[in-house]
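S.K.: Sequence:
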Amino acid sequence: MEKHYDFSAEAERLIYDDWESCGAFRCGVDSNKEPYTIMMPPPNVTGRLHIGHALDNTLQDILVRYRRMRGFDCLWLPGTDHAGIATQSLVSKQLFADGVDLSKLSRENFLNHSWNWKDKYGNIILQQLRRLGASCDWDRTRFTMDKGLSRSVRYAFLRLYGDNLIYRAERLVNWDPQLKTAISDLEVRQQTVLGKICFIDYPLVFDKELCAQPSNLSIITIATMRPETLFGDVAVAVHPDDDRYKHLVGHHCSVPLTGRKIPIIADVRVDRERGTGALKITPAHDFLDFDIGRDHSLAMISVFDKRACLNDKVPGIYRGLSREQARSSVVAALETQGLLREIRDEIHSVPHGERSGVALEPRLTKQWFIGMGSLAKRALQSVENGNTILLPQIWHNTWRRWLENIQPWCISRQLWWGHRIPIWYTQDGKEIAADSEEAALEQAQQKFGKNVILTQDEDVLDTWFSSALWPFSTLGWADEQFADVSMLQRYFPTNVLVTGFDILFFWVARMMMMSLYFMGQVPFKVVYMHALIRDTKGRKMSKSLGNVVNPIDLMNRYGCDALRLTLVLQSVPGRDLRLSEKRIEGNRNFITKLWNSARFLEMQDCCYDKNFDITKVSGALHRWMLVRLLEVTAKVERALDDKICMFHEAGSVIYHFVWDVFCGKYLEMLKPIFSFGSADEKVEARLSSAWLFYGLLRILHPFVPFVTEKIFFTAEIFSAKTDDERLIIAQWLDADSIIVADDWKNDVDEVEWILGLIGEVRSLRSCLGLVSKIITPLRCDDLTSLAETRVAAWATVVRSLAGIDWMGDNRNKDRNKEKVIVFIYDGFVSPGLGLPLGFEIEQAKNRVSKQFDYWSSKLKVLNKKFDPEGKFVKNAPENIVSANKLKHLEAVNQCDRLARILADL
RNA sequence: GGGCGAUUAGCUCAGUUGGGAGAGCGUCUCGUUUACACCGAGAAGGUCGGCAGUUCAACCCUGUCAUCGCCCACCA
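Per the numbering used here, residue 1 is the first one in the first sequence, and the count goes up by one each step.
Please note that the accuracy of each hint is not assured.
Unchecked claim - For lysine-lysine, the following BS3-like pairs were computed, each having C-alpha atoms within a straight-line distance of at most 30 Å: (1) 682 - 745; (2) 671 - 3; (3) 313 - 104; (4) 93 - 120; (5) 430 - 180; (6) 643 - 525; (7) 430 - 306; (8) 147 - 180; (9) 721 - 33; (10) 104 - 118; (11) 635 - 593; (12) 430 - 147; (13) 635 - 93; (14) 261 - 313; (15) 366 - 147; (16) 180 - 540; (17) 540 - 118; (18) 643 - 540; (19) 610 - 540; (20) 196 - 33; (21) 610 - 721; (22) 858 - 845; (23) 366 - 180; (24) 366 - 450; (25) 885 - 865; (26) 246 - 261; (27) 366 - 377; (28) 874 - 864; (29) 865 - 850; (30) 682 - 665; (31) 864 - 850; (32) 887 - 850; (33) 104 - 366; (34) 366 - 261; (35) 635 - 616; (36) 93 - 147; (37) 887 - 874; (38) 745 - 610.
For the record, the hints were derived by calculation from the structure and aren't laboratory data.
Generate coordinates for the entire structure from the input sequences, incorporating the hints supplied.
M.R.: Written out as structure tokens, the structure is:
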């Protein structure tokens with residue numbers, strides 16, 4: 001083995017290429033195996049690997065590698081999402097930079113450019129995933145706009161349309177004036193901004209014939225943040241019980257600047273507390289107003305075009321002005337006319353487009369919608385009855401609340417890049433739904449005769465529509481041409497979905513609904529939602545803050561495994577994680593540690609022999625190690641259970657086991673055996689340690705695949721392996737098949753006892769400032785005691801690890817010459833003996849009295865528990881009581897001993 | 001406004017049926033004992049946000065307050 005582990009990109013790529021070329025990632029190789037499926041959340045084709053992807057895919061990779069080793073036929077299906085808006089923006093930007101006049105570009109031409117762009121750049125992120133070690137089946141890579149998936153999208157649309165769940169309607173939608181498309185409610189981000197609230201006087205208009213002026217008021221004052229929309233006003237609404245205004249209901253006022261006469265109406269939805277209690281109603285530009293306008297059968301006047309500039313419904317001088325320009329112009333005009341009663345700053349929230357970042361405009365347009373009610377109900381039920389488990393379970397509430405209040409989903413987008421809506425219109429606007437233009441024409445001709453002319457709907461579908469089908473569209477659903485029903489049958493439903501909680505509604509819920517609708521079953525049994533990654537200060541990573549870390553860069557500096565381990569160790573369910581480079585550095589050290597432990601074993605000529613039966617070893621040390629290894633294996637298995645998904649738990653158990661137990665204790669205790677042991681002991685140590693190390697490597701592999709595979713590949717320990725052996729396809733350590741004899745427990749206790757003793761000596765010598773190997777610890781108070789025998793059996797180990805160069809009866813030692821210390825451990829006590837003259841008696845005294853304080857305070861607590869007046873004995877369960885009795889006994893003994901020692905000092 | 005979460009060692013955070021307060025980093029002391037100084041040994045440091053309650057027993061359960069954060073709704 002090399003002295004240093006090489007985690008450079010090139011070195012890791014060699015390992016990855018080997019995995020890929022040996023076919024380790026492929027599914028379906030052995031049909032006897034139980035399938036295990038994970039669908040990778042498809043990253044945007046425009047994407048570059050960011051730290052969130054790194055976390056997401058590391059967790060998936062861990063699950064897949066683990067299952068693969070446990071003998072499952074794993075399908076981890078990768079792919080990319082066409083990302084309608086993001087891609088179209090990028091391509092447009094590039095074309096613009098290349099000097100292309102976008103306004104003259106045909107749809108077809110634009111799409112050609114987009115496909116070229118996709119072919120050129122669309123796979124970068126998939127390449128980056130390889131760097132991360134992602135063991136997905138690249139042969140199954142899909143793209144949301146590839147042939148098969150496009151067909152699935154059309155098929156899904158047509159079925160929903162046929163069932164009247166998809167419909168076209170003129171509605172107020174969230175309109176992005178920069179992207180010039182409708183977007184869904186979920187793509188709206190509220191932003192708090194400082195605006196100006198205007199109090200505007202609307203002159204009352206009284207019809208002399210109908211009634212007299214009801215009061216001495218001549219105006220009604222409304223409050224608005226959006227004075228520029230007054231051109232679209234169709235009413236002023238007040239609360240029916242509002243004494244200030246109710247006498248005005250039924251009368252009219254006029255819209256300033258236009259003089260248009262509008263009614264004053266009453267509606268309970270008006271909040272008397274806000275503004276002036278009088279609300280201008282602009283149904284085409286406000287969601288509440290839309291509802292009120294509809295219920296009062298009011299007209300809807302759109303005054304904006306698709307860029308949110310004023311249109312020809314407004315007086316000439318305002319036409320073509322942007323919202324912002326219009327606002328100031330209107331305010332100025334109102335002021336001039338004396339209708340602006342007041343204007344002042346006010347903080348309020350304004351909906352912005354998630355993508356474009358500009359303020360959105362509610363806009364009245366014809367759009368396609370999916371009615372979500374019945375779909376949502378089933379999705380809700382499936383989680384309620386446990387068919388799909390959401391982890392962490394915290395999300396159940398959120399899930400329920402969202403689905404119970406779900407609104408129709410606007411699925412049409414005024415874009416070119418995406419799945420075009422499979423609807424054609426006849427000259428007179430009749431809808432024809434069909435899978436292709438030919439089919440549509442055929443259908444139309446049958447219905448309307450040969451002369452019918454069709455035009456396809458211009459819009460494309462929301463990107464999330466195709467994503468919603470991902471768990472089954474990727475497996476050949478509705479794709480007759482490549483009909484491979486076996487894939488769907490075998491790998492659907494999937495086992496686990498790993499994703500961020502930020503797309504719970506966008507994606508997870510919609511996959512659920514679509515899958516239940518089309519497949520009749522849930523798309524995944526478990527959804528594991530990991531947290532968001534923040535910077536060291538807890539801030540979200542964003543380009544504007546400049547705190548975005550590049551995972552590729554981190555991997556170049558610390559190795560992939562170190563990054564993976566860091567992400568895993570910090571990924572506690574339900575809690576955001578802060579990424580610090582210090583942690584990555586520490587985990588890089590862990591990788592080095594592991595590498596060096598392999599080198600150590602190699603230097604000792606340890607050799608893995610698959611025929612070696614570990615259950616036949618005689619050395620207590622190896623038995624102890626095996627038992628501990630089996631414990632850890634069980635813990636990892638439990639933590640990696642799909643229904644648990646405690647990645648950090650698994651990671652930290654392994655981390656500490658490797659560093660503290662395997663390296664810190666086992667290997668250290670092996671050293672004296674290799675140095676002073678008998679030939680038999682050495683042989684057993686070489687075989688056992690290699691066997692145990694191999695077990696360890698396998699548990700580690702899902703978490704740190706590169707270094708473990710590299711060790712397996714290069715260490716002499718495994719020189720007996722065959723050419724086609726790889727750790728990635730090695731069989732997981734089967735703890736159940738390893739049965740250890742009952743009497744091993746004694747060995748395990750024995751080693752723990754010795755370890756405790758060593759710890760005690762170390763602590764003591766350090767406290768007393770004893771350096772180097774000068775300690776001569778002591779006799780027992782009873783030389784024939786069992787303890788003495790036990791230590792004698794481990795003499796070399798204890799000497800080596802505790803730094804002792806002599807052991808035995810010290811009663812006859814010359815205390816002036818020998819440095820001897822008081823030593824207390826279980827059967828070992830040396831009251832009154834051992835402190836050399838001139839030694840730091842005070843330090844020793846302090847230490848002992850500290851211990852005494854510790855035990856006596858413990859004893860106090862326990863005494864109180866066993867107070868005859870107390871209810872502990874009466875009420876506590878028996879096992880707790882007896883455990884406490886033992887503790888009490890121990891405390892009494894310890895206090896006794898320490899008191900004696902103190903007295904002697 | 002509605003909902004959810006957080007508050008534990010100097011820092012970042014674990015702590016899954018209520019019965020031992022822990023890790024990493026940092027700090028201090030010591031150590032080049034034949035894998036590793038990207039190392040080893042040891043130590044210091046916390047009334048587990050405040051208050052009240054349930055219980056024999058509370059970091060853990062209930063209530064309440066304080067501070068912080070997230071999600072949903074909201075352009076009067």
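S.K.: Next pair to validate is residue 682 with residue 665; report whether the Cα-Cα distance is within 30 Å.
M.R.: 17 Å, holds
S.K.: Just to be careful, I want the Cα atoms of residue 430 and residue 180 compared with a cutoff of 30 Å; is the pair within it?
M.R.: 26 Å, holds
S.K.: For residue 366 and residue 180, compute the direct alpha-carbon distance and say whether it is at most 30 Å.
M.R.: Status holds; Cα separation ~14 Å.
S.K.: Taking 30 Å as the top limit, are the C-alpha atoms of residue 366 and residue 261 close enough?
M.R.: OK: residue 366 and residue 261 at ~28 Å, within 30 Å.
S.K.: Can you confirm whether the C-alpha distance between residue 93 and residue 147 stays at or below 30 Å?
M.R.: 27 Å, holds
S.K.: Keeping to a limit of 30 Å between CA atoms, is the pair of residue 745 and residue 610 held or broken?
M.R.: Within the cut-off at roughly 25 Å; holds.
S.K.: Next pair to validate is residue 643 with residue 525; report whether the Cα-Cα distance is within 30 Å.
M.R.: Roughly 9 Å separates the two Cα atoms, so the pair holds.
S.K.: Checking one constraint from the list: CA of residue 366 to CA of residue 377, max 30 Å. Satisfied?
M.R.: Given pair residue 366, residue 377 holds - Cα atoms ~27 Å apart, limit 30 Å.
S.K.: Is the straight-line distance between the alpha-carbon of residue 104 and that of residue 118 30 Å or less?
M.R.: 22 Å, holds
S.K.: Taking 30 Å as the top limit, are the C-alpha atoms of residue 430 and residue 306 close enough?
M.R.: Holds. Residue 430 to residue 306 sits at ~25 Å (cutoff 30 Å).
S.K.: Does residue 671 pair with residue 3 here, judged by a C-alpha cut-off of 30 Å?
M.R.: 20 Å, holds
S.K.: Would the pair residue 180 and residue 540 pass a check requiring their Cα atoms to be no farther apart than 30 Å?
M.R.: The given pair, whose Cα atoms are some 28 Å apart, holds under the 30 Å limit.
Against the hints set out earlier in the document, violations occur for numbers 13, 19 and 20.
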